[in-house]
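Please construct the entire structure, taking both the sequences and the accompanying hints into account.
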Amino acid sequence: MDYDFDRLSVLIVEDSPFIRSLLINSLKILGIGTVIAKDHGGEAIEFMKLVHSDPMKAGVMRIDIVISNWKMSPVDGMMLLRWLRRHKDSPDRFVPFIMISGYSEKERVQEARDQGVTEFLSKPFTINHICDKLVLIIERNRQFVHNHNYFGPDRRRQKTSIDREDRRLLTEKSPSVEVVFG
Amino acid sequence: MADKTKIAVRLYRFKNRLKEQVSGLGGGGKPQISAEALAEAEAALEAMSEDYPDWVSGLIDRLAEQHRRCVDTSEDRRFFFEEISDIAHDMKGQGGTFGYPLISSFAESLNKFSYSKGELTDNHVEIIKAHVDSMRAVITGRVKGDGGEIGIELSKGLEKAIQKFKAREGQSASTAATG
Numbered sequence: 231m232d233y234d235f236d237r238l239s240v241l242i243v244e245d246s247p248f249i250r251s252l253l254i255n256s257l258k259i260l261g262i263g264t265v266i267a268k269d270h271g272g273e274a275i276e277f278m279k280l281v282h283s284d285p286m287k288a289g290v291m292r293i294d295i296v297i298s299n300w301k302m303s304p305v306d307g308m309m310l311l312r313w314l315r316r317h318k319d320s321p322d323r324f325v326p327f328i329m330i331s332g333y334s335e336k337e338r339v340q341e342a343r344d345q346g347v348t349e350f351l352s353k354p355f356t357i358n359h360i361c362d363k364l365v366l367i368i369e370r371n372r373q374f375v376h377n378h379n380y381f382g383p384d385r386r387r388q389k390t391s392i393d394r395e396d397r398r399l400l401t402e403k404s405p406s407v408e409v410v411f412g
Numbered sequence: 168m169a170d171k172t173k174i175a176v177r178l179y180r181f182k183n184r185l186k187e188q189v190s191g192l193g194g195g196g197k198p199q200i201s202a203e204a205l206a207e208a209e210a211a212l213e214a215m216s217e218d219y220p221d222w223v224s225g226l227i228d229r230l231a232e233q234h235r236r237c238v239d240t241s242e243d244r245r246f247f248f249e250e251i252s253d254i255a256h257d258m259k260g261q262g263g264t265f266g267y268p269l270i271s272s273f274a275e276s277l278n279k280f281s282y283s284k285g286e287l288t289d290n291h292v293e294i295i296k297a298h299v300d301s302m303r304a305v306i307t308g309r310v311k312g313d314g315g316e317i318g319i320e321l322s323k324g325l326e327k328a329i330q331k332f333k334a335r336e337g338q339s340a341s342t343a344a345t346g
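Sequence order for the protein chains is A and B. Just so we're aligned, residue 231 is where the first sequence starts under the numbering used here, counting upward by one. Just so we're aligned, residue 168 is where the second sequence starts under the numbering used here, counting upward by one.
In short, the hints are calculated from the structure, not lab data. You may find that some hints are simply not true.
[Said to hold, decoys possible] With a Cα cut of at most 25 Å, we get these calculated DMTMM-like pairs of lysine to aspartate or glutamate:
(1) A/K301 / B/D243
(2) B/K284 / A/E349
(3) A/K301 / B/E232
(4) B/K186 / A/E335
(5) B/K197 / A/D232
(6) A/K363 / B/E187
(7) B/K197 / A/E273
(8) B/K279 / B/E242
(9) A/K301 / A/D284
(10) B/K284 / A/D306
(11) B/K182 / A/E335
(12) A/K301 / B/E275
(13) B/K182 / A/D344
(14) B/K197 / A/D344
(15) B/K186 / A/D306
In this text, all values refer to a predicted model and were calculated from it rather than measured experimentally.
Given below as structure tokens:
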């Protein structure tokens, strides 16, 4: 059975016109119903606000997935991610977010993870890489974690046993942990 | 009595709305991206790749322009190197997607080099030029993929040029120290 992406709305945020065209074309060919592109994080924030306040004017009821480049000016992908996850005006703090980046250093990936990125797509990428990330987002519906210094998808992706001391202080059974279903 | 335990962690477990949205009607088995659409997207990328040399030539021109400024206005080299580093960062992330991994590889080298915090001498400026020339050769010769023999020659040529100017730099530094 093939996925039917027709009802999906994806926001692309990319400053390079060439890569932006590639992403728009590819997603449309893959069947994504609505693809909207913005040049940098600032434009994306304004657009997300508009979707929330006046969806008719925005031309879309909601954004299902954000795909954003990291290095952009004046507002980069990391600032956009932080705004979406933490700002009081964010219309959807849970929106899946794919960060695209030519930064491949481990510390950079870690930084994005700690800001609540859902998936990280390294440049240069292929069409298959884009598809892999889409499938991961659809199939692996991770819980969101909110504590004093993090808000975002659960950073522990696998349920494998830990072969060293378990440093987690809290479990879902702890009185100070609340599980919200929705 | 009400439970006054302070909540330290909240876990949000939502149903997979996205999956419901993309699950088509009918048909069984593991859902996948349509093989037909995937092939079509690959073909579109292939077609777009034909325009990539023109696009990237514009970026190489911008690098050459920044190099020229480094030569003409040496006191502002730090700023021009930052510009070069930014352009190279973008190029690094694009070449491989459009079938020119050598551009990504040379751009990565340039990006790392131009990010230098140290002194920026004429030899360093020559190393920038060596990168620009190598990239230009890749595009002029339409050297796709690893480029085979030509690719190896271009990579070796760039490495040789880098080493030559680094050696010169070392000599100048030791002359300055003993002079």
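Status of each hint after checking the structure:
For the hint linking A/K301 to B/D243, the alpha-carbon distance of about 24 Å falls within 25 Å, and the restraint holds. Restraint check for B/K284 and A/E349: the C-alpha separation of about 32 Å exceeds 25 Å, so the hint is violated. Between the alpha carbons of A/K301 and B/E232 the distance comes to roughly 22 Å, so the proposed pair stays at or under 25 Å and holds. For the suggested pair B/K186 and A/E335, the alpha carbons sit about 32 Å apart, so the restraint of at most 25 Å is broken.
A C-alpha spacing of about 8 Å is found between B/K197 and A/D232, which places the hinted pair at or below 25 Å, so the restraint holds. Note on A/K363 and B/E187: the hinted pairing holds, with a Cα-Cα distance of about 17 Å set against a maximum of 25 Å. Restraint check for B/K197 and A/E273: the C-alpha separation of about 37 Å exceeds 25 Å, so the hint is violated. Pair hint B/K279 plus B/E242 holds up; C-alpha atoms about 21 Å apart against a cutoff of 25 Å.
Straight-line distance between C-alpha atoms of A/K301 and A/D284 comes to about 29 Å, which puts the hinted pair past the 25 Å bound. Between the alpha carbons of B/K284 and A/D306 the distance comes to roughly 23 Å, so the proposed pair stays at or under 25 Å and holds. Our distance criterion of 25 Å between C-alpha atoms is broken by B/K182 and A/E335, whose separation comes to about 34 Å. The suggested pairing of A/K301 with B/E275 holds, with an alpha-carbon distance near 15 Å, which does not exceed 25 Å.
For the proposed pair B/K182 and A/D344, the alpha carbon gap of about 23 Å is at most 25 Å, so the pair holds. Note on B/K197 and A/D344: the hinted pairing is violated, with a Cα-Cα distance of about 32 Å set against a maximum of 25 Å. Taking the CA atoms of B/K186 and A/D306, the gap is near 29 Å; set against the 25 Å cutoff, the hint is violated.
Going through the hint list in order, the structure does not satisfy hints 2, 4, 7, 9, 11, 14 and 15.
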